Amino acid sequence: MIKGALTVAALLSVIALPWQFAAFFVLAAGTVVPLLPLACGLFLEALYWTPGAYPVPIFALLGAVATFGLYLVRGRVKASIIE
Amino acid sequence: MKRTYLARRNALLSQARFTWGAFALLFSVCALVLRIAAPNAFFASVAPLERGATAAARSVHSVLPGSTTGLAAKYRALESENAALVVENRALVQKNVDLAALLNATSSASQAPGVVAGVLAAPPEDPYGALMLAAGTRSGVSVGMEVFGTSGVPVGIVTMALADQSRVTLFSAPGQKMNAWIGSQQLPVVLAGAGAGAFSASIPSTASVAVGDDVYAPGPGALPVGQVLRIDRSPSSPSAQLRIAPAVNPFSLAWVVLRPGTQQLQSALSCATSTHP
Numbered sequence: 007m008i009k010g011a012l013t014v015a016a017l018l019s020v021i022a023l024p025w026q027f028a029a030f031f032v033l034a035a036g037t038v039v040p041l042l043p044l045a046c047g048l049f050l051e052a053l054y055w056t057p058g059a060y061p062v063p064i065f066a067l068l069g070a071v072a073t074f075g076l077y078l079v080r081g082r083v084k085a086s087i088i089e
Numbered sequence: 266m267k268r269t270y271l272a273r274r275n276a277l278l279s280q281a282r283f284t285w286g287a288f289a290l291l292f293s294v295c296a297l298v299l300r301i302a303a304p305n306a307f308f309a310s311v312a313p314l315e316r317g318a319t320a321a322a323r324s325v326h327s328v329l330p331g332s333t334t335g336l337a338a339k340y341r342a343l344e345s346e347n348a349a350l351v352v353e354n355r356a357l358v359q360k361n362v363d364l365a366a367l368l369n370a371t372s373s374a375s376q377a378p379g380v381v382a383g384v385l386a387a388p389p390e391d392p393y394g395a396l397m398l399a400a401g402t403r404s405g406v407s408v409g410m411e412v413f414g415t416s417g418v419p420v421g422i423v424t425m426a427l428a429d430q431s432r433v434t435l436f437s438a439p440g441q442k443m444n445a446w447i448g449s450q451q452l453p454v455v456l457a458g459a460g461a462g463a464f465s466a467s468i469p470s471t472a473s474v475a476v477g478d479d480v481y482a483p484g485p486g487a488l489p490v491g492q493v494l495r496i497d498r499s500p501s502s503p504s505a506q507l508r509i510a511p512a513v514n515p516f517s518l519a520w521v522v523l524r525p526g527t528q529q530l531q532s533a534l535s536c537a538t539s540t541h542p
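In order, the protein sequence lines correspond to chains A and B.
Quick note: to get the working numbering, add 6 to the position in the first sequence (first position is 1).
Quick note: to get the working numbering, add 265 to the position in the second sequence (first position is 1).
So here's chain B without its partners, still in its complex pose:
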């Protein structure tokens, strides 16, 4: 039987007409060059697409037909509002306990005014566990500022600031580490980012930590960042692994507040990766 051999060909150069694959590659290379040469212009041109995609992703449930859709949306809104109030209440309770223990009734200093910024892109669209914000140096944003979600929960730190956009690396991003403490006994731990807004930590197996204990980060005072979701203990291991759910869901963040980083935060991130500015 006669075999038919196909000659090797270069997909980019051998065809007379322009291929779609070459067009896509050229487009991506141009985007990369623009990102390097003029990052502010690049992100400004992409921002409307990101904003539209984020808004579409958040409102997709409203497109579905049915009379229960509105009620379900209202229920979810009330549920998230309740969760935010619970977190805020825990922070106030812990703050009260700390102040009472110190026997100093000095009122807390008013927080420095912050910069409110809208979120252009967030996980899971962003694969690196970062937020893209619609505020930059023109709005007073600078590298190193701490970012807070609802109810004053710290979620990340600014690692890149352009004129009109800025990038926030979440504390829960893979590779991030942060000093924190757990529960009323204030057991010190090192939170390791596990991605998707979650944390993990390792504690001695004899430590008295229970599911549901709150996890706090420093600066100023004690700020709740999550809750212990699961404890994995092994009889042969001297340590136990904690799975910690975040107090704020980074997937649903629409607005954040940025404030100058505090000394407590800088100290807590002393063992962070190169992301720490």
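Looking at chain A on its own, in the form it has when it is part of the complex:
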């Protein structure tokens, strides 16, 4: 339930909030749902990116990097011998 609410809120924050706040919220939600940074980055590019605005879809790339990092962290935390 919480994951669902976070997912919907993160996708809406891309439209409703300034991108700095949306990025912070998505990163925080990504600790629970790691694919959210990549998904929100793609959604933001679908909304706002044009080839003339910026050479590359930078936010999709940053989302991919953030998702990769979050999966690495989750893997380390889950594999830890410390309980």
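Think of the hints as simulated: they come from the structure by calculation, not from any bench.
Hints may contain errors.
[To be verified] Away from chain A, derived, C-beta distances all over 10 Å, residues of chain B:
| hint | residue |
| --- | --- |
| 1 | Thr-284 |
| 2 | Asn-305 |
| 3 | Ala-399 |
| 4 | Leu-494 |
[Said to hold, decoys possible] Simulated restraints on C-beta separations:
| hint | chain 1 | residue 1 | chain 2 | residue 2 | range |
| --- | --- | --- | --- | --- | --- |
| 5 | A | Arg-80 | B | Thr-471 | 54 to 62 Å |
| 6 | A | Arg-80 | B | Gly-477 | 51 to 59 Å |
| 7 | B | Ala-428 | A | Gly-81 | 42 to 50 Å |
| 8 | B | Leu-299 | A | Phe-74 | 20 to 28 Å |
| 9 | A | Ala-70 | B | Ala-320 | 31 to 39 Å |
[As the list claims (entries may be wrong)] Partner residues aside, some chain B positions facing chain A, computed with beta carbon under 10 Å:
| hint | residue |
| --- | --- |
| 10 | Trp-285 |
| 11 | Gly-286 |
| 12 | Phe-288 |
| 13 | Leu-290 |
| 14 | Phe-292 |
| 15 | Leu-297 |
| 16 | Leu-314 |
| 17 | Gly-317 |
| 18 | Ala-318 |
| 19 | Pro-388 |
| 20 | Tyr-393 |
| 21 | Met-397 |
| 22 | Thr-424 |
| 23 | Arg-432 |
| 24 | Gln-450 |
Note that this is a predicted model, so its numbers are computed, not measured.
Using N, Cα and C, we set each Cβ at its ideal position, and we do this for glycine too.
With chain A fixed as given, assemble chain B onto it according to the hints.
Just chain B now, with coordinates in the frame of chain A:
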């Protein structure tokens, strides 16, 4: 001590039930495909959300309790109206000076009628320094049209026009460059977009520019686009860096006017990036 090893698993494929992360990714991919395949339908479906979010962001202060909220809102409205009148006055003064200097008293030609468009999304919601307008080719908008904010201040140029929406790249967006001039001595400079509505420029350190000098862009006549906010000089550098505040705050734009781009503007954007159509 026995160590517990966790097997590697694929978050998308190994679970029996659908994960929220996969749902979000699928939703984003579908949005991307729809944007590419049917951009007009995509933006038309998103427009109500953008409009609602922009309206909510602008009216959030009215939700706060307290008797001073209304007075504060009224003060801000009067302040912005005053700023718009000051800018308009400066444009008229400069125009008068130019006409007097040319010794031609021909009255200025009436401006071509423009297209009024509401702003659906603007910075900082838009991270690329662009405006999304609720008017497209059906309303007479075309790529290359110049966009004006309050008091006729040029703010950007149309770079994408769909049937019912259009996209405007602001002159202050990062990567944008525009020829302009500063002050009554009309010192030529190249304005570089610094994002968030601001500009920067580089001038010789010996140039006589002061804080508060107006910055003008061409077409038609001289249109004020900003004011010098700060001058950074270094004893070891032959140039000084100017920080220029915009005449119109792009964050607060609700309506804009679009007019065909002028020859002066096209020439001023000759050194712009690939955004220039």
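How the hints compare with the structure:
1. Thr-284: violated (8 Å)
2. Asn-305: holds (14 Å)
3. Ala-399: Non-interface label on Ala-399 of chain B holds, nearest chain A Cβ at 15 Å vs cutoff 10 Å.
4. Leu-494: holds (22 Å)
5. A:Arg-80 x B:Thr-471: 54 to 62 Å: Given a distance of about 58 Å, which is inside 54 to 62 Å, the answer is holds.
6. A:Arg-80 x B:Gly-477: 51 to 59 Å: Roughly 54 Å apart at Cβ, these two residues keep to the hinted range, so it holds.
7. B:Ala-428 x A:Gly-81: 42 to 50 Å: holds (47 Å)
8. B:Leu-299 x A:Phe-74: 20 to 28 Å: holds (26 Å)
9. A:Ala-70 x B:Ala-320: 31 to 39 Å: holds (33 Å)
10. Trp-285: Holds - the Cβ of Trp-285 of chain B comes within 10 Å of chain A, reaching about 4 Å at its closest.
11. Gly-286: It holds, given that the least Cβ distance between Gly-286 of chain B and chain A is near 3 Å, below 10 Å.
12. Phe-288: Status holds, d = 7 Å.
13. Leu-290: holds (4 Å)
14. Phe-292: holds (7 Å)
15. Leu-297: Result: holds, 4 Å to nearest chain A Cβ.
16. Leu-314: At about 5 Å, which falls below the 10 Å cut-off, the nearest Cβ of chain A leaves the hint on Leu-314 of chain B intact, so it holds.
17. Gly-317: The hint holds - Gly-317 of chain B has a Cβ within 10 Å of chain A, the shortest such distance being about 8 Å.
18. Ala-318: holds (4 Å)
19. Pro-388: Since the shortest Cβ distance to chain A is 8 Å, the answer is holds.
20. Tyr-393: holds (4 Å)
21. Met-397: With a closest approach of 8 Å, the Met-397 of chain B hint holds.
22. Thr-424: At about 5 Å, which falls below the 10 Å cut-off, the nearest Cβ of chain A leaves the hint on Thr-424 of chain B intact, so it holds.
23. Arg-432: Where the cut-off is 10 Å and the nearest Cβ of chain A is about 6 Å from Arg-432 of chain B, the hint holds.
24. Gln-450: Violated, about 34 Å.
Violated hints, in rising order: 1, 24; the structure is consistent with all others.
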